[in-house]
Each structure stands twice: as C-alpha cells, then as structure tokens.
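A.B. asks: Construct all of the structure, not just a fragment, from the sequences and the given hints.
One rule links them: number in the working numbering = place in the sequence shown (from 1) + 57.
Please note that a few of the clues may not be correct.
Unchecked claim - Taking lysine to any residue pairs in the SDA-like style, the calculated list, with each CA pair at most 25 Å apart, reads: (1) K66 x P120; (2) K112 x G78; (3) K106 x T143; (4) K66 x D121; (5) K141 x I75; (6) K116 x D147; (7) K66 x I145; (8) K141 x D59; (9) K141 x F124; (10) K112 x L122; (11) K66 x W144; (12) K112 x I75; (13) K112 x A68.
What the hints assert, rightly or not - Beta-carbon label-pair distances, calculated as ranges: (14) D59 x E102: 26 to 34 Å; (15) M123 x D59: 26 to 34 Å; (16) E102 x I145: 15 to 23 Å; (17) E77 x D140: 33 to 41 Å; (18) G72 x I125: 15 to 23 Å; (19) E62 x D109: 18 to 26 Å; (20) S60 x F138: 18 to 26 Å.
These are computed hints drawn from the structure, not numbers from a lab.
Ideal placement from N, C-alpha and C gives every residue a C-beta, glycine not left out.
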Amino acid sequence: MDSAEFATKLAQQCGQTILEGSKTRYTTGDKVYEKFGQQTDLVIEIDIKAEDLIKSKLKENFPDLMFIGEEAKAAGNHYEFTDKPTWIIDPIDVIMV
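C.D. replies: So, in structure tokens, the structure goes:
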C-alpha cells in the first residue's frame, strides 16, 4: 500500500473516532493547556485520541518516518527537524462550546 492510500484509509478510520467525539458537548472548563505561557486552547479527549491513533498507525506501518503532533507539541514535547520524511499531525477539532 502506498502512502497516499494509507493516509486515505487512516483518515477514514480517524474520522470515525472523531465522529464519536463530536457527539459530546465540551465547555471552556475542559482541559485547557498553556501555549507560550498563556491559556490559549481547549484540548479535549478526542483530540488526543485522534492524534494517538494516527501516531500508532504511522509507527506500525512506517517505523522509520518522523512525526510531529499538534497536541503533543502543545503539551511541551520537543521535536527536532531532520531531513527524514516527516508527517505533521493536526487532527480535526470537534469542539462545540
């Protein structure tokens, strides 16, 4: 399976996870994280689940590729940019405030 076909199937699988999460209404009291020292974004469980699903499938199918995840980066994880092929992961938000 080539990377485009893989990405399409993974997006469909991730979409199901996100669809389930969209059935929950969230408030501004839910898991706010700090970015650059300011509370700027609402992180909900489904954001993290979607990113984790994508990361696990990438590692399983393309173990040599690098990846950068929006939620993990915002949580303070450090990423070093290299010449290796890199996936940048930013799952669709389903936040309804």
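A.B. asks: All the hints need checking, so say for each whether the structure fits it.
C.D. replies: Hint check:
1. Pair hint K66 plus P120 holds up; C-alpha atoms about 18 Å apart against a cutoff of 25 Å.
2. Only pairs whose Cα atoms come within 25 Å are accepted, and K112 paired with G78 is accepted, the gap being roughly 18 Å.
3. Annotation: proposed proximity of K106 to T143 holds, straight-line Cα distance about 20 Å (limit 25 Å).
4. Straight-line distance between C-alpha atoms of K66 and D121 comes to about 20 Å, which keeps the hinted pair within the 25 Å bound.
5. Note on K141 and I75: the hinted pairing is violated, with a Cα-Cα distance of about 29 Å set against a maximum of 25 Å.
6. Of the pairs offered as hints, the one joining K116 and D147 holds, with about 16 Å between alpha carbons and a cut-off of 25 Å not exceeded.
7. Of the supplied pair hints, the one linking K66 and I145 holds, its CA atoms being roughly 17 Å apart against a limit of 25 Å.
8. About 17 Å separates the Cα atoms of K141 and D59, which keeps this hinted pair within 25 Å; it holds.
9. Restraint check: the Cα-Cα separation between K141 and F124 comes to about 10 Å, which is no more than 25 Å; the hinted pair holds.
10. Straight-line distance between C-alpha atoms of K112 and L122 comes to about 10 Å, which keeps the hinted pair within the 25 Å bound.
11. Distance hint between K66 and W144 is fulfilled; the C-alpha atoms sit about 15 Å from each other, no more than 25 Å.
12. Of the pairs offered as hints, the one joining K112 and I75 holds, with about 15 Å between alpha carbons and a cut-off of 25 Å not exceeded.
13. Restraint check for K112 and A68: the C-alpha separation of about 12 Å stays at or below 25 Å, so the hint holds.
14. As the Cβ distance of D59 to E102 is approximately 32 Å, the hint placing it in 26 to 34 Å holds.
15. At roughly 19 Å, the beta-carbon separation of M123 and D59 lies outside the given 26 to 34 Å, and the hint is violated.
16. For E102 paired with I145, a C-beta distance near 22 Å keeps the hint of 15 to 23 Å intact.
17. A hinted range of 33 to 41 Å for the beta carbons of E77 and D140 is consistent with their spacing of about 37 Å.
18. The given range of 15 to 23 Å is respected by G72 and I125, whose C-beta atoms sit roughly 21 Å from each other.
19. Between E62 and D109, the C-beta spacing of about 22 Å keeps the proposed range 18 to 26 Å intact.
20. Between S60 and F138 the CB atoms are about 19 Å apart, so this pair conforms to the stated range of 18 to 26 Å.
Going down the numbered hints, you'll see the structure goes against 5, 15, while the others check out.
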